[in-house]
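Line order of the protein sequences matches chains P and V. Using the UniProt record's numbering, read the first sequence as starting at 1 and increasing by one per residue. Using the UniProt record's numbering, read the second sequence as starting at 1 and increasing by one per residue.
The hints are simulated quantities; they were obtained by calculation from the structure and are not laboratory data. All residues carry an ideal CB built from backbone N, CA and C; glycine is no exception. One or more of the hints may lead you astray.
To be verified - Okay, the calculated beta carbon distance ranges per label pair:
1. P:243 <-> V:306: 21 to 31 Å
2. V:113 <-> P:243: 23 to 33 Å
3. P:91 <-> V:169: 47 to 57 Å
4. V:162 <-> P:213: 25 to 35 Å
5. P:196 <-> V:113: 52 to 62 Å
6. V:275 <-> P:169: 28 to 38 Å
7. V:102 <-> P:196: 44 to 54 Å
To be verified - Here are a few chain V residues that sit away from chain P, every Cβ distance over 10 Å (derived from the structure):
8. 2
9. 12
10. 43
11. 105
12. 149
13. 152
14. 154
15. 155
16. 159
17. 174
18. 200
19. 204
20. 286
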Amino acid sequence: MLVISCIKQVPDTTQVKIDPVTNTLVREGIPFIVNPYDTHALEEGLALKDRYGLRSVAISMGPPNTVATLKKACALGVDQAILLSDRAFGGADTLATSQVLASAIERLAQKEEVGIVFCGKQTIDGDTAQVGPGIATRLGFTQLTLVDRIEWLDLDKKRIRVRRKLEGRHEIVEAPLPVVITAVRELNRPRYPTVPMRLSAELTEVTVWDNQVLNLDVETVGLKGSATWVSKIFSPERDQGEIIGDGIKDPVGTAHLLLDKMLSKDLLAI
Amino acid sequence: MKALLVCEQREGKLLDTSYELVAFAERLGAEVSLVLVGKEAQAPQVAAKLYLADVDKYGEYSPELHKHIVVAAVLKENPDYIIFPHSSYGWDLAPRVAATLRVGQVSEVVNIVDGKLEVSLCNGKLRRTVSPKGARAVLTVQAGAFNYAGQQSGAPQVEAIEISQGSSALQFVGYEPAEKKEVDLGRAEIIVSAGRGVGKKENVAVIAELAKAFGGELGASRPVVDAGWVGHSHQVGTTGQTVSPKLYVACGISGAIQHLAGMKKSDFIVAINKDKEAPISEAADVMVVADVLQLAPVLAEKLRAA
Ligand SMILES: Cc1cc2nc3c(=O)[nH]c(=O)nc-3n(C[C@H](O)[C@H](O)[C@H](O)COP(=O)(O)OP(=O)(O)OC[C@H]3O[C@@H](n4cnc5c(N)ncnc54)[C@H](O)[C@@H]3O)c2cc1C
Ligand SMILES: Cc1cc2nc3c(=O)[nH]c(=O)nc-3n(C[C@H](O)[C@H](O)[C@H](O)COP(=O)(O)OP(=O)(O)OC[C@H]3O[C@@H](n4cnc5c(N)ncnc54)[C@H](O)[C@@H]3O)c2cc1C
Chain P
1 MLVISCIKQV PDTTQVKIDP VTNTLVREGI PFIVNPYDTH ALEEGLALKD RYGLRSVAIS
61 MGPPNTVATL KKACALGVDQ AILLSDRAFG GADTLATSQV LASAIERLAQ KEEVGIVFCG
121 KQTIDGDTAQ VGPGIATRLG FTQLTLVDRI EWLDLDKKRI RVRRKLEGRH EIVEAPLPVV
181 ITAVRELNRP RYPTVPMRLS AELTEVTVWD NQVLNLDVET VGLKGSATWV SKIFSPERDQ
241 GEIIGDGIKD PVGTAHLLLD KMLSKDLLAI
Chain V
1 MKALLVCEQR EGKLLDTSYE LVAFAERLGA EVSLVLVGKE AQAPQVAAKL YLADVDKYGE
61 YSPELHKHIV VAAVLKENPD YIIFPHSSYG WDLAPRVAAT LRVGQVSEVV NIVDGKLEVS
121 LCNGKLRRTV SPKGARAVLT VQAGAFNYAG QQSGAPQVEA IEISQGSSAL QFVGYEPAEK
181 KEVDLGRAEI IVSAGRGVGK KENVAVIAEL AKAFGGELGA SRPVVDAGWV GHSHQVGTTG
241 QTVSPKLYVA CGISGAIQHL AGMKKSDFIV AINKDKEAPI SEAADVMVVA DVLQLAPVLA
301 EKLRAA
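Start from the sequences, fold in the hints, and give me the full structure.
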């Protein structure tokens, strides 16, 4: 049985900067990382491989340089890594992205039964949280979002019980396989690759599937298959609060000014 | 333009975000109808059509059933937008509805400008406008981004909604309470919060001292919690607590939308940050441009002396 982890390569948003003159995103020199939630999706796939002997596969849709992200997955021990890359897939929104990922999963399912598909709960760049549910709906798999624990997996009965993380409480649910699970951080602690694993990953081939392989109607993928337009990026305008003193040059004086301000507003219990 | 608002109740109480959806729809200039899986007693007090499905029959959250209920209301109302709160409920349900209706979805809308929807990206550092291409779209709305200023005194016209479709493959087993909290920020009058700007775990103590000098509680932004510097019960924001103390002091916190959503209703906000341009300045009443590790001890000492 297969366990598939969907991983996306994203810009490291903590390092994103805005050009103060043009007010646009500075793209140069920003490193790419594996979407943080997807590292948990990957880890859980590997954990199920270790524990139940499932075969673990990582898939990612993106430009050719996404190979780097899949190599990382290889170094961690996935059995197979597949890059879904084609010019026709570019500019996809979530609908079009789910379409491509789902069709790759279907293709894998023709050879070997798929039990669980793991996704991150969302990405840090697009942030829409729709791809996991989109895949589930397309494939008719049961959707389990915001999962922070797998209570048990019963391969004979083909059932799984998970815990979902909600506001101020958890929900326990059970479902028949196959399922799509979206992972939150609490699900696990991702492992790190060892040096020998990293070296052997260099030798592992990442399979590339383009649209010759997937054979999807180009009207349903990429920009053409997208139901939303994403337009301009900008820096939000804001009204600033009153700036008090000069805390860099004169912390003591500034602390005093701040205290006076708070006292005048009757904010302190003194 | 018509909007169908999917209201949310939890453990017998209508959530305030339901009114925020009304505020959002008003900003869109849309004609509103509502749908709720709940009880009539929880109905939002808004003069609009309300499709009510009985929670005893359809459960607090049974995804397939709730999906069919929303879709049934969509068929009756024929709305341009179907709008959900961006909570775990909307998170799970909205994409199911979008996929069933085969329409696009825009998640976590924070603003509307000239009819275009704004979403934040890169932790609120940037915004992007997104427009659905088709005639209809599913939206989820960031909690706290839209304030309902109207009266909660309208009378909804209730129409009961029943569905016959489908049982769910998903089997609900039960709820578990979240782990015990160390602090209850919800009750605090003064909260002093530490952000990633404090630099390292040891420095959190400096901010905790300041909180103590104020007679308040220690809060934190998410990276501080994720790094394990303080427990999760200290976290303020969309995935932590929503607070509205008399005084909120943000120390070394940039002011990402997810943090702002949790504290911007505070009566008075002080931000201490090295960077004058940090987004927190938008929410702050008073901004102190300083190294918080220098300022906090001085301020704590002055407070103790006062
Ligand atoms: C700022 C911004 C705003 C956007 N807004 C919208 C919008 O409102 N509506 C819309 O339809 N599209 C939007 N898009 C486009 C959308 O981000 C991309 O289509 C993306 O490919 C999928 O969506 P996501 O990144 O939001 O993923 P999410 O749905 O947040 O991702 C959830 C999970 O799905 C899996 N996954 C997602 N993408 C891939 C991939 N390429 N390969 C493998 N696994 C993947 C991962 O496991 C991930 O953790 C936006 C993009 C940006 C940069
Ligand atoms: C789905 C989702 C949910 C989230 N939920 C939450 C949530 O509930 N709560 C939350 O807080 N975040 C949440 N986040 C994360 C959020 O987007 C931000 O990443 C986070 O709030 C940033 O924390 P920060 O301000 O402490 O760190 P940063 O953004 O790194 O900011 C650090 C700030 O400290 C300042 N600084 C640095 N050194 C000093 C110094 N010596 N003195 C003074 N100032 C200094 C810097 O100028 C900067 O402004 C969520 C994100 C996502 C995607």
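We went through each hint and held it up to the structure:
Between residue 243 of chain P and residue 306 of chain V the Cβ separation comes to about 23 Å, which falls inside the hinted range of 21 to 31 Å. Taking 23 to 33 Å as the suggested C-beta distance range, the pair residue 113 of chain V and residue 243 of chain P conforms, at roughly 27 Å. At roughly 34 Å, the beta carbons of residue 91 of chain P and residue 169 of chain V sit outside the given window of 47 to 57 Å. A hinted range of 25 to 35 Å is violated for the C-beta pair residue 162 of chain V and residue 213 of chain P, which are about 46 Å apart.
Between residue 196 of chain P and residue 113 of chain V the beta carbons are some 54 Å apart, a value that agrees with the proposed interval 52 to 62 Å. Restraint check, residue 275 of chain V to residue 169 of chain P: a C-beta distance of roughly 37 Å satisfies the suggested window 28 to 38 Å. Between residue 102 of chain V and residue 196 of chain P, the C-beta spacing of about 48 Å keeps the proposed range 44 to 54 Å intact. Every CB of chain P lies more than 10 Å from the CB of residue 2 of chain V, the least distance being 19 Å, so the non-interface label holds.
Every Cβ of chain P is farther than 10 Å from the Cβ of residue 12 of chain V; the closest lies at roughly 14 Å, confirming the non-interface assignment. The beta carbon of residue 43 of chain V is kept farther than 10 Å from every beta carbon of chain P, the shortest such distance being approximately 22 Å. For residue 105 of chain V, the non-interface assignment is contradicted: its Cβ lies about 5 Å from the closest Cβ of chain P, within the 10 Å cut-off. The claim that residue 149 of chain V is not at the interface with chain P holds, since no C-beta of that chain comes within 10 Å of its own (minimum 19 Å).
Residue-level check passed: residue 152 of chain V sits 22 Å from the nearest beta carbon of chain P, beyond 10 Å. Distance to chain P confirms residue 154 of chain V as a non-interface residue, since its nearest Cβ pair spans about 27 Å, more than 10 Å. Against the 10 Å criterion, residue 155 of chain V stays outside the reach of chain P, whose nearest CB is about 29 Å from its own CB. Every C-beta of chain P lies more than 10 Å from that of residue 159 of chain V, the closest at about 28 Å, which supports listing it as non-interface.
Residue 174 of chain V, annotated as away from the interface, has a beta carbon of chain P within 10 Å; the closest lies near 5 Å. Against chain P, the non-interface label of residue 200 of chain V holds: every CB pair exceeds 10 Å, the least being about 16 Å. Annotated as non-interface, residue 204 of chain V keeps its C-beta farther than 10 Å from every C-beta of chain P; the closest such distance is 19 Å. Interface exclusion of residue 286 of chain V from chain P breaks down, the closest Cβ pair being 5 Å apart, not more than 10 Å.
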